[in-house]
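Student: Okay, here's what each chain looks like letter by letter:
There are 2 protein chains.
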Amino acid sequence: MKHIFVLRVGHRKRRDPRVSTHVALAARAFGAEEMFFSGDKDPELVEKISKAVTNWGGEFKVQYVRSWKAFLNTWKSRGKSVHLTMYGVSACDTIEEIRLIDRDLLIIVGGQKVPRELYDLADWNVSVTNQPHSEVSALAVFLHMLNEGKEFEYKFKGAKIIVLPSARGKKVMESVL
Amino acid sequence: MKHIFVLRVGHRKRRDPRVSTHVALAARAFGAEEMFFSGDKDPELVEKISKAVTNWGGEFKVQYVRSWKAFLNTWKSRGKSVHLTMYGVSACDTIEEIRLIDRDLLIIVGGQKVPRELYDLADWNVSVTNQPHSEVSALAVFLHMLNEGKEFEYKFKGAKIIVLPSARGKKVMESVL
Numbered sequence: 079m080k081h082i083f084v085l086r087v088g089h090r091k092r093r094d095p096r097v098s099t100h101v102a103l104a105a106r107a108f109g110a111e112e113m114f115f116s117g118d119k120d121p122e123l124v125e126k127i128s129k130a131v132t133n134w135g136g137e138f139k140v141q142y143v144r145s146w147k148a149f150l151n152t153w154k155s156r157g158k159s160v161h162l163t164m165y166g167v168s169a170c171d172t173i174e175e176i177r178l179i180d181r182d183l184l185i186i187v188g189g190q191k192v193p194r195e196l197y198d199l200a201d202w203n204v205s206v207t208n209q210p211h212s213e214v215s216a217l218a219v220f221l222h223m224l225n226e227g228k229e230f231e232y233k234f235k236g237a238k239i240i241v242l243p244s245a246r247g248k249k250v251m252e253s254v255l
Numbered sequence: 079m080k081h082i083f084v085l086r087v088g089h090r091k092r093r094d095p096r097v098s099t100h101v102a103l104a105a106r107a108f109g110a111e112e113m114f115f116s117g118d119k120d121p122e123l124v125e126k127i128s129k130a131v132t133n134w135g136g137e138f139k140v141q142y143v144r145s146w147k148a149f150l151n152t153w154k155s156r157g158k159s160v161h162l163t164m165y166g167v168s169a170c171d172t173i174e175e176i177r178l179i180d181r182d183l184l185i186i187v188g189g190q191k192v193p194r195e196l197y198d199l200a201d202w203n204v205s206v207t208n209q210p211h212s213e214v215s216a217l218a219v220f221l222h223m224l225n226e227g228k229e230f231e232y233k234f235k236g237a238k239i240i241v242l243p244s245a246r247g248k249k250v251m252e253s254v255l
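Protein chains in written order, with this note's numbering: chain A, 79 to 255; chain B, 79 to 255.
The hints are simulated quantities; they were obtained by calculation from the structure and are not laboratory data.
Don't take every hint at face value.
Where chains are identical, the list cannot tell them apart; a pair therefore holds if satisfied intra-copy or between any two copies.
[Said to hold, decoys possible] Pairs of lysine to aspartate or glutamate, EDC-like flavour, derived with a Cα cap of 16 Å:
#1 K248 / E195
#2 K80 / D182
#3 K228 / D171
#4 K80 / E195
#5 K233 / E111
Given only the sequences and the hints, what does the whole structure look like? Please build it.
Tutor: Take a look at the structure:
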């Protein structure tokens, strides 16, 4: 596997602003390079994540794509794709195979109404349990499994704020440059 | 560890309905018995989760508590508590110790503005990375680590709908009783 990207399908600006923000932040924290989203255009979402990256470091980006389907079709020349869905085959049974691919990986998360075509276009349909929970938790647990917990070691370059892990309260190191 | 419970502090009905729903569903899917929440009363949240439980099985419950602080003080006679916060000590360094306790465990998640007292009252302040992401992903990854991935094996009694894991599309078994 080279690099990991996330595609959030069917973002709805009114209903999903916080959930899509959480998806993007989880994507970044658990090792993705970039999040693409389809559905409603949402400059506020892009702006919010850009601010988080300025403060917390790294080069994570968020980008709107007009058509998830066109994007996914183009993606096929670049790498593989995993659609996370509670209806898919267990992550436990597929993760090793997915970890072995030597191309970029696109992880696709949707909301409740995912178009049927997506199930056909993705290389894998994978479940993080077959119970309903959240695209945020599905993505994070899948990336945690895929990267074998390496998110705990990531350093984000150029961070203005660095947390100093603490048993009580909040300790941060802030760059004032 | 006996049983796992979740306390969601500072729920805001207008701003958080979907995030708190996702926290509750993740709590259920990853092995908690019950979620308590403080902040705004929200019968719709309770109702929504109750419907999910009717469909998907098990006995997970959601309950409002007027004061998280009073609740947490009372909890001390019943078990231990872990506050999930990006400012805490790494889950990697604490999870084994937490797994060994032989009492009920309360996992506390908050939003952005968590009262300082909570950091003092919780038995542990634990981080799932020191990066910002989401209470949904923090809770799910922490429970995944704590239960060593056992969420993939859980069966939920009395489910009306059971997913049949599938490489393409949605296959479910529905009880019509």
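Student: Each hint should be assessed against the structure and marked as holding or not.
Tutor: Evaluated hints:
1. Taking the shortest alpha-carbon separations for K248 and E195, only the inter-copy value of 12 Å comes in at or below 16 Å, while the best intra-copy value is 46 Å.
2. For the identical chains of this complex, K80 and D182 are intra-copy neighbours only, at 5 Å inside a copy versus 42 Å across copies, given an alpha-carbon limit of 16 Å.
3. For a Cα distance limit of 16 Å, the shortest separation of K228 from D171 across copies, 14 Å, qualifies, whereas the shortest one inside one copy, 20 Å, does not.
4. Taking CA atoms no more than 16 Å apart as the test, K80 paired with E195 passes in neither setting, with 26 Å inside one copy and 44 Å between copies.
5. Taking CA atoms no more than 16 Å apart as the test, K233 paired with E111 passes inside one copy only; the shortest distance there is 13 Å, against 35 Å between copies.
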